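Residue numbers (the numbering used here), protein chains in the order written: chain A, 1 to 141; chain B, 1 to 149.
If you're looking for bench data, these hints aren't it; they were derived computationally from the structure.
Remember, it's a predicted structure, so these values are computed and weren't measured experimentally.
There could be a bad hint or two in this list.
[As the list claims (entries may be wrong)] Distance windows between CB atoms, simulated:
no.	chain 1	residue 1	chain 2	residue 2	range
1	B	Ile32	A	Pro67	48 to 58 angstroms
2	B	Arg82	A	Phe36	18 to 28 angstroms
3	A	Val35	B	Gly75	24 to 34 angstroms
4	A	Ser16	B	Phe34	18 to 28 angstroms
5	A	Arg38	B	Asn80	12 to 22 angstroms
6	B	Glu17	A	Thr34	30 to 40 angstroms
7	A	Val45	B	Thr37	27 to 37 angstroms
8	B	Trp50	A	Arg58	32 to 42 angstroms
9	A	Ser17	B	Gln58	37 to 47 angstroms
10	B	Arg82	A	Ser134	28 to 38 angstroms
11	B	Gly75	A	Val55	40 to 50 angstroms
12	A	Gln57	B	Arg117	21 to 31 angstroms
By construction, the Cβ of each residue, glycine as well, lies at the ideal position given by its N, Cα and C atoms.
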Amino acid sequence: MAICKMNSKVSDEIPSSSMADIAFLLLIFFLVTTVFPRDTGLRVVLPEEAEEVQVSQRNVLHLQVQPNGVVEVRYGESEDLQQVPASQVQSIWRTNVAENPNLIAAVKTHPDAPHSAMIAVLDALQLAGAERISLQLLEET
Amino acid sequence: MGLKGGGFERKSKASGEIPSSSMADIAFLLLIFFMVTTVFRAEAARPIEWPSAGATEQIDEKRDNILYLWLERNGDIWINDRLVPMADVATVIGPRWLESGQRLIISLRADASVPYRFVDLVQEQLKRSGAVYVVFATELERRMTGARR
Chain A
1 MAICKMNSKV SDEIPSSSMA DIAFLLLIFF LVTTVFPRDT GLRVVLPEEA EEVQVSQRNV
61 LHLQVQPNGV VEVRYGESED LQQVPASQVQ SIWRTNVAEN PNLIAAVKTH PDAPHSAMIA
121 VLDALQLAGA ERISLQLLEE T
Chain B
1 MGLKGGGFER KSKASGEIPS SSMADIAFLL LIFFMVTTVF RAEAARPIEW PSAGATEQID
61 EKRDNILYLW LERNGDIWIN DRLVPMADVA TVIGPRWLES GQRLIISLRA DASVPYRFVD
121 LVQEQLKRSG AVYVVFATEL ERRMTGARR
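Here chain A stands alone, though its shape is the one from the complex (with noise of 0.2 angstroms):
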């Protein structure tokens, strides 16, 4: 009996200090690597419904996107169409905002083209920092 005792110096417990240390890494570990799914996007208050608002054709900036991702740039009441990618929008919106702050950018997209060539130009308006935006269906002719 006396020689088991001997060999046996290493105690049969599991040591429950260091539980605490070990529940607390873990709990930090998840607290850390926790990541919550961020709902992100483009912001747009949509017109109540009814709200018509008049504006003068020299205000508007005609930005009809078509079903290839081609944006068809139209000035106010003028006829003739700029055709431009999508990327070029920004600096369009830059330079005809610092001669018109009253600009107001009506994107009519056309109804087969995709939602993504809509966001491009959105986005680009965005980034420009155009605050007047009307989203728009393009009628066809």
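Got chain A sorted already, so can you dock chain B onto it with the hints?
Okay, now just chain B, sitting in the frame of chain A:
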């Protein structure tokens, strides 16, 4: 022990150390408490292709005040795991808009390639329901990858 130190020490029978053996229980209790109370969104994600935009911003609003509206490539609309016909969107969202005290934000999660006619119809429905705060859900565009190419 009491007798050895005289009458003065008899009062302080309690140990001066904080018992550390129950510390593990406290930590596990905290762990389990937060595990149980954490509510993950029960709504299943629809398979859509996210559009990306450089002006993407974060929405700082309570989770309860954000309603997710999924618009799939074929024009199907899903709200809270239910397929909603286009004409019923306004009647589904209208009560939620009033419930939230007119603070409801619609996160429109539309597929990148959905034809715009559906997006426009959804917007018309949202106008009818009164919910005017809309966020076109996008992913932040990674300009670095474009530059590397």
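Exercise. For this structure, which hints from the list above don't hold up?
Worked result: Those not satisfied come down to hint 11.
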